[in-house]
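Peer 1: Read off the chains here:
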Amino acid sequence: MPLSSVLVVEDDPDLLALLDMVLAGAGYRVRTAAHGAEALERVLEEMPGVILLDMRMPIMNGWEFARELQARYDHPCPIVVLTAAENADQRAAEIGAEGWLSKPFDIDDVLASVARQLAARAGGAPVAPPGA
Amino acid sequence: MGRRRPWSPGRIVAVYVVLSLAWAGLTGLLVQRLFGDPRYQELVRTANRAAFVVLSSLLLYALIRRSESEVRRFGAELRSAFDNMADGLLLVDSEMRVVDANRAAVELLGTASKKDLLGPIEDWAKRFALRYPDASPVPFERYATRRALAGEAVVPYEGIMRRADGRELFVSISAAPLAGMGLAVTVIRDISAARRLEEVRDEFLATAAHELKTPLAVIKAYAQLVERRAPADAQPLAAIERQVDRLDRLVQHLLDTSRLHLEGEARRERLDLGVLAREVVDRARRGAPRHTFTVEAPAPVMVSVDRARLARVVAGLLDNSVRFSPAGGPVAVRVEVDTGEAVLSVTDHGVGIPREQQARVFERYYHAHGGGADDSAGIGLTLEVSRAIVERHGGRMTFESVAGQGSTFFVHLPLAAGA
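If you read the protein sequences in the order shown, they are chains A and B.
Under this note's numbering, the first residue of the first sequence carries the number 4, and numbering increases by one thereafter.
Under this note's numbering, the first residue of the second sequence carries the number 1136, and numbering increases by one thereafter.
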């Protein structure tokens, strides 16, 4: 379970490509999925260090994905919710996510949030992405 | 069609007096003329008196009967009007007992008959689970009927009731006293259909706002990405970001417009209004190079507020100041405690608001300065929503403005407990 790996789950291809670029640019190993079911496949291949999760998606939405992940792996890694909903913190609380980013977000906030979640997993020590 | 009204007692007596006097006068004259013999005269007078009693009794009987049937008809008409009103009506006596109810009330509440609705109004409200839209119970002293009987003017309030069949009903309730009778009439109007329409509209707006935000997020993030890669293009990209933020704020305002009145208690956190103002001003500063922003907050001013919403209120005021001082210039923000409340003010030296337009500034969709060639476009949503947000915090918004010299908008908020 590499701590520098990020799984981005987002149905908008432009946003997905952007997050991929930004996070890869910061040195993280990024894998992507367009919906919850695809994300479960990525998780099966390898457990990521943190998951960025959109809530409203076709096929399997964020709520269903989070429930399934919990059922199969019992909270294996932190989740940061990406949402356009007004009460982002409530959406995050609903699925037991560790963080949230309200759309539209700042790129810096995305990077800071990912770094914070990975640092918390590493036991408080900041985790520098390998390429940084 | 003309309708006969029942005769008043005075009118009946007057008709009786006129007819009696005419009878007495005419018959007296006739007896004198026709009968010369005094013996006959006496006899005829006695017969005449008897005939008078009989005829006047018949007349009185006819008049009273006519009057009574009119009163009965009048009552039946009132009853029919009461029963056929589209709104549910309850007649309540001074001891707060329902003494009568119309057909609409029976149908509205789904009871078997009118009898089921009669009795103390407190039991009645319990039985139909009367509560406010946020599900809190309506306290007895706030009952429309009680306030009407106490002589208070009652503004209709909205509530939820549970019909006898368990179905929930959105209602508007008001009451009015019946002058001099010690009774009040309570009006229950079914507003479920209108309410459902509102819910559909809110759902639509929420979905639309959500759908709008994803493309905004994509545009903003790409602008930031390009800005990082090509710092030379920072200025135009920063403009794109600013406009995205502004669109985002408008979307939020649209949501707030439809939603504020439906929400229960707003989410609150304790914060320093001065710190919040500085954060918002820092963001606004980047978007208005021709304006000089200053924030004066000499001491912490603690308030308990919905942070995101209040930040939008302040951002909206700054936005307006910038737009209505197109030549640039100073925009001063001041945060202080004044007569026991927190006051945030935003002052500009822009075009100001003409006196004749000042009364309408907070109206929804109204925009002062409308029509001018140098008018700054906008849908005027900001101020109306801002005021609604501030009022939900127990505060108020005011302004001072002189055309050609600029405006100051004030946000007054209660201080946080223990501040």
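Since the hints were derived computationally from the structure, they do not count as laboratory data.
Backbone N, C-alpha and C define an ideal beta-carbon position, used for all residues, glycine too.
Where hints are given, some of them may not hold.
[Stated by the list, open to error] Here are some chain A residues pointing at chain B (derived, C-beta under 10 Å):
| # | residue |
| --- | --- |
| 1 | ASP14 |
| 2 | ASP15 |
| 3 | ASP17 |
| 4 | GLU44 |
| 5 | LEU47 |
| 6 | MET50 |
| 7 | PRO61 |
| 8 | MET63 |
| 9 | ALA87 |
| 10 | ILE98 |
| 11 | GLY99 |
| 12 | GLU101 |
| 13 | ARG124 |
Peer 1: Determine for every hint whether it applies to the structure shown.
Peer 2: Evaluation of the provided hints:
Checking ASP14(A) against chain B: minimum C-beta separation of about 9 Å stays under 10 Å; hint holds. A distance limit of 10 Å between C-beta atoms decides the matter here; for ASP15(A) the minimum to chain B is near 6 Å, and the interface restraint holds. Annotation: interface hint on ASP17(A) holds; nearest CB of chain B at approximately 5 Å, less than 10 Å. Interface restraint check for GLU44(A): the shortest CB-CB distance to chain B comes to about 24 Å, outside 10 Å, so the restraint is violated.
For LEU47(A), the interface hint is violated, the least distance from its beta-carbon to any beta-carbon of chain B being 27 Å, above 10 Å. Taking 10 Å as the C-beta cut-off, the interface hint given for MET50(A) is violated, the closest approach to chain B being about 26 Å. Residue-level restraint check for PRO61(A) is violated (minimum Cβ-Cβ distance to chain B is 13 Å; threshold 10 Å). The interface hint given for MET63(A) is broken, as the beta carbon of that residue sits about 18 Å from the closest beta carbon of chain B, more than 10 Å.
The closest approach between the C-beta of ALA87(A) and any C-beta of chain B is roughly 4 Å, which is under the 10 Å cut-off, so the hint is satisfied. Interface hint status for ILE98(A): violated, as the beta-carbon distance to the closest one in chain B is roughly 17 Å, over 10 Å. For the restraint placing GLY99(A) at the interface with chain B, the shortest Cβ-Cβ distance is roughly 20 Å, beyond the 10 Å limit, so the hint is violated. For GLU101(A), the shortest C-beta to C-beta distance to chain B is roughly 20 Å, which exceeds 10 Å, and the interface hint is violated.
Contact between ARG124(A) and chain B, as hinted, is not supported at the beta carbon level, the nearest pair being about 25 Å apart and thus beyond 10 Å.
The structure fails hints 4, 5, 6, 7, 8, 10, 11, 12, 13 (numbered hints given earlier, in ascending order).
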